[in-house]
Amino acid sequence: SDQIKHDSISHAKEEAKQWLQAELDRLTLLAAQYKIKLLKSLQTMEYEQKREATLKWLHKIIVRD
1 SDQIKHDSIS HAKEEAKQWL QAELDRLTLL AAQYKIKLLK SLQTMEYEQK REATLKWLHK
61 IIVRD
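Using my numbering, you'd call the opening residue of the sequence shown number 1 and step up by one each time.
In case anyone wonders, no lab produced these hints; they're calculated from the structure.
Fair warning: this is a prediction, and the values are worked out from it, not measured in the lab.
It is possible that part of the hints are untrue.
Straight line, CA to CA, 27 Å or less: simulated DSS-like cross-link-like pairs of lysine-lysine [said to hold, decoys possible]:
(1) K13 to K40
(2) K40 to K50
(3) K17 to K60
(4) K60 to K50
(5) K5 to K56
(6) K56 to K40
Go ahead and model the full structure; you've got the sequences and the hints to work with.
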């Protein structure tokens, strides 16, 4: 997501960069929240240890934003 953010913002017009940054941050947060809900649901159906690392990573994204 950081690479997408960098590439998108670096090619935007100066007056659009702040708006674009805010929108990318918002979309990143929404995607992380959605993925957490999905993974937690999957974990209740069938627990997999490897999903726990992904859940921790997604939580860090939410806390960061």
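Item to check | Structure versus earlier hints, numbers of those that do not hold, lowest first | outcome: Number 1 only.
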